[in-house]
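Undergrad: Sequence positions in the sequence shown follow the numbering used here and run 650 to 872.
FYI, nobody ran anything at the bench for these hints, they're computed from the structure.
It is possible that some hints are incorrect.
Once the Cα atoms are required to be at most 20 Å apart in a straight line, the calculated SDA-like pairs of lysine to any residue come out as [unchecked claim]: (1) K732 - I856; (2) K719 - A792; (3) K732 - F776; (4) K732 - A792; (5) K760 - T676; (6) K732 - L684.
For clarity, every value in this text was computed on a predicted model and none was experimentally measured.
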Amino acid sequence: MAETTPDTRRSTACLILVPSLITLAVTILRVVGELQQWSPIFFNRAAGGRAAIVGISWLPFIFGPYFALKLSAAGDKPKATWKALLFVLLGAALGFCGGKAGYTAPITATKMFLGHLLIVGGVVLVFFAWCALAKTLLAYGYAARIPVAIVMFLAMRFGWETHYSALAPGLRGLGSFWATYTVAGLLPQLVAWIWFTVIGGALVGIIVNAIVRRGQAPTPAAP
């Protein structure tokens, strides 16, 4: 994996700045729409959001290719597309198993720890696929999800009628506010959704980059 330097940190920050601001704007719009009880097609307040149109979960599939093409144009690309995809798929499988292990009732501290360990392992595998893209998606993921974690804290603390405070059946009855927030809000946003962002963005980004770069490959000169 490539070494992180001050220059690479600055370039990553510049690369994710606009996508992060767009994502923050969508999050704010989602909060306002749910509090104002606008159309549930766009702003569903049920637990999990029920695939409401206005949301940030689909943005990695747009920004992943954007980041990939920017990095590739700058000369940073995976050596072999098939190998990069293999690592991403392995990371997807590992993280999926972690989610099943950690969030299947009854939820226990041991299951949560082991489950999140697998999820983090799934993210790490993407660094072996395309290190620069993984770093960029990881940074973007936290820029996107930290505001959501804050919103969930406020929603759960003050009883907002939004999907940010609505709990799935398996996450109810966890005890104190802090236990509930940690298991249902903080850990999913800062671990599970980060895995989703990195895996989803990398998978689509690697595929789109391979297609675009193949189309731009120079045509061999005629003999």
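Undergrad: All hints, please: hold or fail.
TA: Okay, the hints, checked on the actual structure:
1. Simply put, K732 and I856 have alpha-carbon atoms about 12 Å apart, close enough for the 20 Å limit, and the pair holds.
2. Between the alpha carbons of K719 and A792 the distance comes to roughly 19 Å, so the proposed pair stays at or under 20 Å and holds.
3. Of the pairs offered as hints, the one joining K732 and F776 holds, with about 12 Å between alpha carbons and a cut-off of 20 Å not exceeded.
4. Proximity of K732 to A792 is assessed by CA-CA distance (about 28 Å); at most 20 Å being required, the pair is judged violated.
5. This hinted pair does not check out: K760 and T676 have alpha carbons roughly 30 Å apart, beyond 20 Å.
6. The suggested pairing of K732 with L684 is violated, with an alpha-carbon distance near 45 Å, which exceeds 20 Å.
The structure fails to meet hints 4, 5 and 6 from the earlier list, while all remaining hints are met.
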